[in-house]
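Novice: These are the residues of each chain, in order.
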Amino acid sequence: MIQVKNLVRIFHTGDVELIALKNLSFEIPTGQFLAITGRSGAGKSTLLYSLSLLDRPNEGVITIDKHNVLELSDAQRVLYRRDNFGFIFQEYALLPTLTAIENVLLPLLMQGVKGDPARKKAQEALEKVGLGDKLHNLSSQLSGGQQQRVSIARAIAHSPKILFADEPTANLDTESSKQVLDIFVQLNQHGQTIVMVTHEPEYAKLAHRDIELSDGQVIRDVTQKPKKIKELKHE
Amino acid sequence: MSFTQEAYVGFFLAVRDIKRSNPWTTLLIMLVIGLTFFNMLFIGGLLFGIADGLFGAYKLYYSGNILVVPATNKNDIPLANSVVSVAKNMPQFRAVSVRFVDPALLEYNYRNKVRLSDFAESANGQIVGIDPVAEDKTSHLSSVVVAGSYLSPHDADAILVGSTLMQKYATIRNAANTVGSRVLKNADIGSRVRLTVNGVQKEVVIKGVITTNVPTIDSRIYMVDSQLRALTNNTILSASEIAISLQPGASEKLAKDYLIKNLRSNSDIVVQTSDESLPAGIASELQVFTKLEDLIGGIAVIVSSVTIFIVIYVNAVTRRKFIGILKGIGISSVAIEISYVFQALFYALLGTTVATILIMGLLVPYYQLHPFSIAGIPGTLAITMNDIMPRAIILTVASLISGFIPAWLVTKQNTLDAILGR
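From first to last, the protein sequence lines are chains L and S.
Heads up: take any position in the first sequence, counting from 1, add 264, and you land on the numbering used here.
Heads up: take any position in the second sequence, counting from 1, add 360, and you land on the numbering used here.
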């Protein structure tokens, strides 16, 4: 369970002050697939970065399993992220000098999982996203959709409590997007908590809940029956 | 998370970064470090090589390993034969040469003087009486004959002249020594010259010219010892200096101790190792070269460290985004820093190894076969593994620091800013 209370994030550019998040409060139950939507500049990514401890909000409290994670030091945040979160970036963020399996393996090694078991877990994660035949490809040898799937495998290999995804389909074509979203749906069906930022309202319909932001405020918070991939309307 | 685990992840990343990064970048970094290391060694080695060449020539062509000279208050070595006998009994003995030295004047074209006030073409030097065979065995004098030929034991009226004394053969370095001195301007091989020693004159023929670029030797005139002793009426065989050469690798210090211990009367003589016998001029030149080498070496270390720091810093900064990603996926700063330190270590070891192979495998042997000459001073590239190791360690430490600091600076930055390139 994630609890967000009175979250404020302010950016300063010279004398200009930009309030990106205005006093946000909400809860995310364990196992929920939450979509955060809104126009560009609404504060979606800022909220995701705050929730995933990549950014430090100016005010407010984020409690995960009754633990105020904003009190953690920078070094403790790295460890907390490593052990509890999986993060999928819009631009995949794979390391170009590592193969697909090595990219997935790395966080596992950091968690102290030894060589062979780590490699086995990484391989399983890649097989789960349909890339069992691309284990030894460098990211430059993979398509955008495949790279994003490696990124998902990396994020889920260590069975994180929460999976954060920042516009995971923004750089993908429709087919690849559907493949990625299908993976999310399947993961969620197995109990994975997912927080996904998307600018595509249609994709948000796959989630249990859709929080829409505008100017850093929640303007809509809808709990819904998730649609199936094949029900999505798309060009 | 243990340090071993972080080191393992750091090593894992470093190996793959090196293996799969752009080979041209790796080559460039390796080249910069290699050339920097090369520069560190080469200039110092060159200077030391000149100093070494200067000292080497002095030792090889003049002093040998041990030089016996009269004590300060004496003019000659009275018991030269006993010194020679003791020297020959040394286990490390190779050769000995007994020399008789006197001040001398050489004159050329003196017969053409019209008026008494006219100056003949003349040069002052030291005449040295030698046994040509023993001298050559001791000091390899025949190898430095640059014109004409070496003396034979039966040469009654022939001399070898140092190049300082003859304008035609004076080198750049020797020319400097001729300022204010008189030289034989027109005399050449085969010229008849008048030799004056202790007021006694004799007409002799210039048989050969020697040059070593060591002023002490190049201002000398050599003739067969029996001829000189006859000229100076030296019948008591009192020598002026005795040069002894030892077997290769023999200790000069032990040989000196042996001589002093076994000579019954050693108060009239001074036994010196080649180092101790260095004239003040050469010693001060060596000192200047050593100081220059230290100074240039010191500057080279600083320049090398800064260069390597910049190269590795730029390399780390260009990977700022990936460092951000690593932190974003939970890789600790220590593991990332270790990765960059490993990479810096790899580049440093590769660079220094390549430079060492280039220097020791190519340049040092080349300059041994083809010694260079700077301002007439002969030299080789005097670099040994003993010179290389401390410099390699300094450069490696500099590289490790250079690898650590940029990685440390980048890992301290905001993770999100690094990922998003803000």
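Simulated from the structure, these hints should not be mistaken for laboratory data.
There could be a bad hint or two in this list.
As the list claims (entries may be wrong) - List time: in silico SDA-like cross-link candidates among lysine to any residue, alpha-carbon distance up to 20 Å:
#, chain 1, residue 1, chain 2, residue 2
1, S, Lys681, L, Gly408
2, S, Lys379, L, Lys269
3, L, Lys378, S, Lys681
4, S, Lys772, L, Gly408
5, L, Lys384, S, Ser381
6, S, Lys772, L, Lys269
7, L, Lys269, L, Ser304
8, S, Lys772, L, Lys384
Stated by the list, open to error - Per label pair, the in silico range of CB-to-CB distance:
#, chain 1, residue 1, chain 2, residue 2, range
9, S, Met720, L, Gly379, 24 to 34 Å
10, S, Lys772, L, Asp347, 17 to 27 Å
11, L, Gln405, S, Lys772, 27 to 37 Å
Claimed, not checked - Residues of chain S placed beyond 12 Å of chain L at every Cβ, according to the derived structure:
#, residue
12, Ser362
13, Gln365
14, Ala374
15, Arg624
16, Phe682
17, Gly690
18, Pro750
19, Thr775
For each residue, glycine too, the CB sits at the ideal point set by N, CA and C.
Novice: Decide, hint by hint, whether the structure agrees.
Specialist: Structure-based check of each hint:
1. At most 20 Å may separate the alpha-carbon atoms for a hinted pair to count; S:Lys681 and L:Gly408 meet this at roughly 19 Å.
2. For the proposed pair S:Lys379 and L:Lys269, the alpha carbon gap of about 47 Å is over 20 Å, so the pair is violated.
3. Of the pairs offered as hints, the one joining L:Lys378 and S:Lys681 is violated, with about 27 Å between alpha carbons and a cut-off of 20 Å exceeded.
4. With a C-alpha separation of about 30 Å, the suggested pair S:Lys772 and L:Gly408 falls outside the 20 Å cut-off, and the hint is violated.
5. Restraint check for L:Lys384 and S:Ser381: the C-alpha separation of about 26 Å exceeds 20 Å, so the hint is violated.
6. The straight-line distance between the Cα atoms of S:Lys772 and L:Lys269 is roughly 28 Å, outside the 20 Å bound, and the hint therefore fails.
7. Distance hint between L:Lys269 and L:Ser304 is unfulfilled; the C-alpha atoms sit about 23 Å from each other, more than 20 Å.
8. Straight-line distance between C-alpha atoms of S:Lys772 and L:Lys384 comes to about 33 Å, which puts the hinted pair past the 20 Å bound.
9. The beta-carbon spacing between S:Met720 and L:Gly379, approximately 39 Å, falls outside the hinted interval of 24 to 34 Å.
10. Distance hint check: the CB atoms of S:Lys772 and L:Asp347 are about 22 Å apart, consistent with the given range 17 to 27 Å.
11. Taken as a hint, the range 27 to 37 Å holds for the pair L:Gln405 and S:Lys772, whose Cβ atoms sit roughly 33 Å apart.
12. Annotated as non-interface, S:Ser362 brings its C-beta within 12 Å of a C-beta of chain L; the closest such distance is 8 Å.
13. Interface exclusion of S:Gln365 from chain L breaks down, the closest Cβ pair being 6 Å apart, not more than 12 Å.
14. Interface exclusion of S:Ala374 from chain L breaks down, the closest Cβ pair being 10 Å apart, not more than 12 Å.
15. Against the 12 Å criterion, S:Arg624 stays outside the reach of chain L, whose nearest CB is about 79 Å from its own CB.
16. Its beta-carbon lying about 6 Å from the closest one in chain L, S:Phe682 breaks the requirement of being farther than 12 Å from that chain.
17. Residue placement check: S:Gly690 does not keep its beta carbon more than 12 Å from all beta carbons of chain L (closest about 2 Å).
18. Even its closest Cβ contact with chain L, about 34 Å, leaves S:Pro750 beyond 12 Å, as expected for a residue assigned away from the interface.
19. A beta-carbon of chain L comes within 12 Å of the beta-carbon of S:Thr775; the shortest separation is about 6 Å.
This entry does not satisfy hints 2, 3, 4, 5, 6, 7, 8, 9, 12, 13, 14, 16, 17 and 19, going by the numbered hints stated previously.
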